[in-house]
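S.K.: The lines below spell out each chain.
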Amino acid sequence: NAGVMQNPRHLVRRRGQEARLRCSPMKGHSHVYWYRQLPEEGLKFMVYLQKENIIDESGMPKERFSAEFPKEGPSILRIQQVVRGDSAAYFCASSREDRARHNSPLHFGNGTRLTVT
Amino acid sequence: AQTVTQSQPEMSVQEAETVTLSCTYDTSESDYYLFWYKQPPSRQMILVIRQEAYKQQNATENRFSVNFQKAAKSFSLKISDSQLGDAAMYFCAQETSGSRLTFGEGTQLTVNP
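In order, the protein sequences belong to chains A and B.
All residue numbers for the first sequence refer to this note's numbering, where the first residue is 1 and numbers rise by one.
All residue numbers for the second sequence refer to this note's numbering, where the first residue is 1 and numbers rise by one.
Okay, chain A solo, but in the shape it has when bound (with noise of 0.2 Å):
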């Protein structure tokens, strides 16, 4: 049973290019959130995805960030116009269920190094 996939694993953009991140869940999850780690740093929620909807885009910068979790398919952290200010590595996470009823564990992805240059 894959674990949640993440690509790629290293990606190197200029300056105003765009970075698209994948992120597909284990088998039978659902549920997906972004966090990024800047350098030197613990993680930081960016936001929360059921299939086809954004439950919750309270960490997301409000320009140039957009996510999607499309109902077949990786879900998609997408970044226009990149500044070296994003470069970090980008994790995604999976869950089976709603985990509000904290019941089903988080299992993370190896993460996404995104390098502006």
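Calculated directly from the structure, the hints in this document are not laboratory data.
Just to be clear, a hint being listed does not mean it is correct.
Lysine to aspartate or glutamate pairs mimicking EDC-like chemistry, simulated, CA-CA at most 20 Å apart [unchecked claim]:
| # | chain 1 | residue 1 | chain 2 | residue 2 |
| --- | --- | --- | --- | --- |
| 1 | B | Lys70 | B | Glu17 |
| 2 | B | Lys78 | B | Glu61 |
| 3 | A | Lys44 | B | Glu61 |
| 4 | A | Lys71 | A | Glu52 |
| 5 | A | Lys44 | B | Asp86 |
| 6 | A | Lys71 | A | Glu41 |
With the hints as your guide, set chain B onto chain A.
M.R.: Just chain B now, kept in the frame of chain A:
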């Protein structure tokens, strides 16, 4: 808003000894979960242990145990019989009903042979 504070940026321990990592948090919620995650250089986030706030008994997982002091909002991690493979960054995290985790800044643990 929830905050999680880890006051020890770095800690070191001799192999086979015991070390305690500190964590404090702040929340107005009464029902929540607390976690310790380990992040080795591979960057993988590995769940070490979790504690349910309504349970008074401290959680234990093999060599890992917690000291949960709810009134003091303290949640420390004790690693017994430390092994070289325990060397990593350790993050304390809190989850409330919003299904989102709030992480501390991390403690880098070095294990000396």
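S.K.: Given the hinted pair Lys71 of chain A and Glu41 of chain A, is their Cα-Cα distance within 20 Å?
M.R.: The hint is violated at about 33 Å.
S.K.: Sort out whether Glu61 of chain B lies within 20 Å of Lys78 of chain B, counting only the CA atoms.
M.R.: 10 Å, holds
S.K.: Between Lys44 of chain A and Asp86 of chain B, does the CA-CA distance stay at or below 20 Å?
M.R.: Violated. Lys44 of chain A to Asp86 of chain B sits at ~24 Å, over the 20 Å cutoff.
S.K.: Holds or violated: are the alpha carbons of Lys71 of chain A and Glu52 of chain A at most 20 Å from each other?
M.R.: 6 Å, holds
S.K.: Straight-line Cα separation of Lys44 of chain A and Glu61 of chain B no greater than 20 Å?
M.R.: The hint is violated at about 26 Å.
S.K.: So if I understand the rule, the pair passes when the alpha-carbon distance is 20 Å or less; does Lys70 of chain B with Glu17 of chain B pass?
M.R.: 27 Å, violated
Checked against the numbered hints given earlier, the structure breaks hints 1, 3, 5 and 6 and satisfies all the rest.
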